[in-house]
Amino acid sequence: AMASPSIGTHSGTFHCDEALACFMLKSLPEYKDATIVRSRDPKVLGQLPILVDVGGVYDPSKHRYDHHQRGFGEVFGHGFKTKLSSAGLVYKHFGKKVISAISGITDEKVIDTLFLKVYDGFIQEIDGIDNGVAVKDGEQAPNYRISTDLSSRVGYLNPGWNEDASDIEQRFHKAVAMTGKELTDRIMAYKNHWLPARDLVAKAIATRHGVHKSGSIVLFEKFCSWKSHLHEIEQESKFEVGRAPPSILYVLYPDSSGKWRIQCVPMREGSFESRLALPEPWRGVRGEELSKLTGIDGCVFTHAAGFIGGNNTQEGVLAMAISSLAYYASKSATGATDDEQPSSKKPKTSV
Numbered sequence: 001a002m003a004s005p006s007i008g009t010h011s012g013t014f015h016c017d018e019a020l021a022c023f024m025l026k027s028l029p030e031y032k033d034a035t036i037v038r039s040r041d042p043k044v045l046g047q048l049p050i051l052v053d054v055g056g057v058y059d060p061s062k063h064r065y066d067h068h069q070r071g072f073g074e075v076f077g078h079g080f081k082t083k084l085s086s087a088g089l090v091y092k093h094f095g096k097k098v099i100s101a102i103s104g105i106t107d108e109k110v111i112d113t114l115f116l117k118v119y120d121g122f123i124q125e126i127d128g129i130d131n132g133v134a135v136k137d138g139e140q141a142p143n144y145r146i147s148t149d150l151s152s153r154v155g156y157l158n159p160g161w162n163e164d165a166s167d168i169e170q171r172f173h174k175a176v177a178m179t180g181k182e183l184t185d186r187i188m189a190y191k192n193h194w195l196p197a198r199d200l201v202a203k204a205i206a207t208r209h210g211v212h213k214s215g216s217i218v219l220f221e222k223f224c225s226w227k228s229h230l231h232e233i234e235q236e237s238k239f240e241v242g243r244a245p246p247s248i249l250y251v252l253y254p255d256s257s258g259k260w261r262i263q264c265v266p267m268r269e270g271s272f273e274s275r276l277a278l279p280e281p282w283r284g285v286r287g288e289e290l291s292k293l294t295g296i297d298g299c300v301f302t303h304a305a306g307f308i309g310g311n312n313t314q315e316g317v318l319a320m321a322i323s324s325l326a327y328y329a330s331k332s333a334t335g336a337t338d339d340e341q342p343s344s345k346k347p348k349t350s351v
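If you read the sequence shown in the numbering used here, its first letter stands for residue 1, the second for the next number, and so on.
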């Protein structure tokens with residue numbers, strides 16, 4: 001290999017996918033000092049050790065990463081179905097090294113977790129937009145257009161139709177820097193905020209039987225964003241998901257004021273439907289009245305939709321969770337059913 005290899009991509013109008021592909025390659029030691037050659041001349045391109053988004057060939061053994069050729073249908077794998085762009089191709093083959101280079105993380109298991117997370121939360125969107133993959137199936141026109149996403153912002157960096165295009169190379173390098181900054185910020189956010197939350201959620205799930213023998217109550221010593229982690233960990237661990245123990249039904253955590261919350265776990269991630277809402281008679285009742293009704297000291301409220309409640313203490317929310325489980329257990333024993341598991345259309349919580 002030459003001392004500093006060149007990365008080849010196409011000239012003319014540039015897009016988010018090859019700008020990001022070039023940034024990812026240049027984040028790696030072996031391409032750190034590479035120059036980017038923008039051309040459509042097969043002779044020029046043929047000399048270069050690596051090509052992205054040009055050349056009509058996908059062959060990782062020869063470092064050819066184009067996706068425009070007829071018959072190309074490569075996807076990321078791991079259950080993802082979106083056709084790859086040059087960003088997804090480079091990420092598929094170099095992504096783990098890129099994450100390590102940008103974040104400084106060396107633990108392979110953590111890198112494997114982030115590899116999927118960064119694809120799902122960042123790269124896939126760029127692949128889908130570049131390849132014209134619809135966000136949703138179905139004919140219905142979208143209610144509004146999204147035009148401030150990263151792919152659109154790279155598009156705006158190109159010269160306008162009635163503008164002098166002599167500075168297009170500098171503009172392309174701006175696009176490489178812009179896409180790279182967004183990728184770097186996202187990887188660092190996952191490292192600094194998402195991973196620590198995942199660890200807290202995993203530990204709380206692992207110790208849940210110590211909170212209550214049902215295994216249905218998870219306790220957080222401090223609040224963190226838990227929903228997506230809980231659903232992901234359940235899927236990975238192949239937990240049973242339903243409306244009764246041993247499914248995880250309630251999460252307890254302190255709020256910003258030092259009081260405690262009990263929150264019902266949603267059926268699925270993003271769903272407003274609780275697996276097991278708090279008992280119907282408690283819903284919309286507050287304060288002393290709720291404490292009298294439940295026989296539990298320090299009750300603050302139960303939301304009218306039954307998906308969240310509060311108490312002054314940790315013992316109090318735990319008692320509410322246990323009492324709620326008992327309420328449903330006695331109902332199923334007598335064959336009675338709660339009117340419905342309400343669906344809170346717009347959960348208004350302060351968390």
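One or more of the hints may lead you astray.
Straight-line C-alpha distance at most 25 Å; calculated DSS-like pairs for lysine-lysine [stated by the list, open to error]:
(1) Lys227 <-> Lys203
(2) Lys203 <-> Lys117
(3) Lys238 <-> Lys292
(4) Lys292 <-> Lys203
It should be emphasised that the hints constitute simulated quantities derived from the structure, not laboratory data.
### Message
Checking one constraint from the list: CA of lysine 227 to CA of lysine 203, max 25 Å. Satisfied?
### Response
Distance of about 14 Å is within 25 Å: holds.
### Message
Hint check: lysine 203 vs lysine 117, CA-CA at most 25 Å. Holds or violated?
### Response
20 Å, holds
### Query
Is the Cα-Cα distance between lysine 238 and lysine 292 25 Å or less?
Not satisfied, since the Cα-Cα distance of roughly 40 Å exceeds 25 Å.
### Message
Check whether the Cα positions of lysine 292 and lysine 203 lie no farther apart than 25 Å.
### Response
34 Å, violated
When each numbered hint is compared with the structure, violations occur for hints 3 and 4.
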